[in-house]
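Peer 1: Listed here are the chains, written in short residue letters.
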Amino acid sequence: MSASQSPAEHELAELIVSALNLEGVAAADIDPEAPLFKTGLGLDSIDALELALEISKRYGFQLRSDDENNIRIFSSLRSLAAHIAQHRVT
Amino acid sequence: MNTQLPTVVAEGVAFWASRLPGWDVARAVIRGEQAAPENAAARPAPALLGPTERRRAPDTVAIALEVAARACAAAGRSPSELPAVFASTHGDLAISDYMCATLVATPALISPIKFHNSVHNAAAGYWSIGTACHAPYTAISAFHHTFGAGLLEAAVQMACEQQPVLYVAFDVEAKGALATMAPSRGLLGVALVLAPAASARPGGRHLTLRIDADEPCEATPSRSAAASLVADNALAPCLPLLEALAADEPTTLQLTLGERTALNIQVGRA
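Chains S and B, in that order, give the protein sequences.
Each residue of the first sequence is one higher than the one before, starting from 1 at the first, in our numbering.
Each residue of the second sequence is one higher than the one before, starting from 1 at the first, in our numbering.
Don't take each hint at face value.
To be verified - Cross-link-like lysine-lysine pairs, in silico, DSBU-like; alpha carbons within 35 Å at most:
{"id": "1", "chain 1": "S", "residue 1": "Lys57", "chain 2": "S", "residue 2": "Lys38"}
{"id": "2", "chain 1": "B", "residue 1": "Lys175", "chain 2": "B", "residue 2": "Lys114"}
{"id": "3", "chain 1": "S", "residue 1": "Lys57", "chain 2": "B", "residue 2": "Lys175"}
{"id": "4", "chain 1": "S", "residue 1": "Lys38", "chain 2": "B", "residue 2": "Lys114"}
{"id": "5", "chain 1": "S", "residue 1": "Lys57", "chain 2": "B", "residue 2": "Lys114"}
By construction, these hints were calculated from the structure, which means they are not laboratory data.
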């Protein structure tokens, strides 16, 4: 699984683990295609807001809570990393 | 003016401080039977929480849930059935400091998890989630008089409802600019289950509470070897009651409820 993470996905995985204080999860073990929420990592809506904050601080753009594409954007490590790659300013 | 309350039975006692991690060691140090451990213990892990709550739990929650669970176990009472009173002088000043600093610097970038944990009743909320308890809880603060005020609140609720009440008091380390005005060091937590005398389990200590109002008052000083280990925590005024509970003999002590109001407590024989 870890072999399939790109460098950008691995950096984002490390940010997720540290920002959300995930117990017993190694960033390298997060499957880039697996769901981040409910199943998969089991994150919830407060985690989504915390993650959006950390991403805006790290990558310099705002993730909006009213974006109708949020379900797709936050669906997996891969989709979130792709969205960041498109919009990052730092 | 004096007001007497019905007798309260302290059924279960729990205590946790970094250098006195548990009631057994704290009681032995208070009684002079052993020296305190040299090194500070690691923060207790809030084992009764699910993984999502556990990874978000700040120090206030960890210390409060540790003593709350141990007091219920010592009393043989189910945590999910007890109304509870949670008392803390400062709540979480580290988070309050973070909130103030962030609101000044980058107000749109407040951490939702820290915001969620910033409320004074955070520990009470995590407790009710972790134990699936639907009984009411109260979260109170009364600055220097917090421990006595919380004990009085718990005793009054017990007397009015004629059922056991869990009392939990805690304070943690203050951080940042607020720590210069409201200092508090380390972690300190105390919990008791208070039961009506008529339905209390055997083995508890009888407490007779009386409010002495409208006269200048001073708290009973703590005298044991434990005092210096918790003196710089905001909840240190709890210690004289713990010293009375550690002793076998009956004792009378006084906590303050205000500048001119005292809570007089007679602790019965063990």
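Peer 1: For every hint, state whether the structure bears it out.
Peer 2: Against the structure, the hints:
1. The suggested pairing of Lys57/S with Lys38/S holds, with an alpha-carbon distance near 25 Å, which does not exceed 35 Å.
2. This hinted pair checks out: Lys175/B and Lys114/B have alpha carbons roughly 14 Å apart, not beyond 35 Å.
3. As the CA atoms of Lys57/S and Lys175/B are separated by approximately 23 Å, the hinted pair is consistent with the 35 Å bound.
4. Only pairs whose Cα atoms come within 35 Å are accepted, and Lys38/S paired with Lys114/B is accepted, the gap being roughly 21 Å.
5. Distance hint between Lys57/S and Lys114/B is fulfilled; the C-alpha atoms sit about 16 Å from each other, no more than 35 Å.
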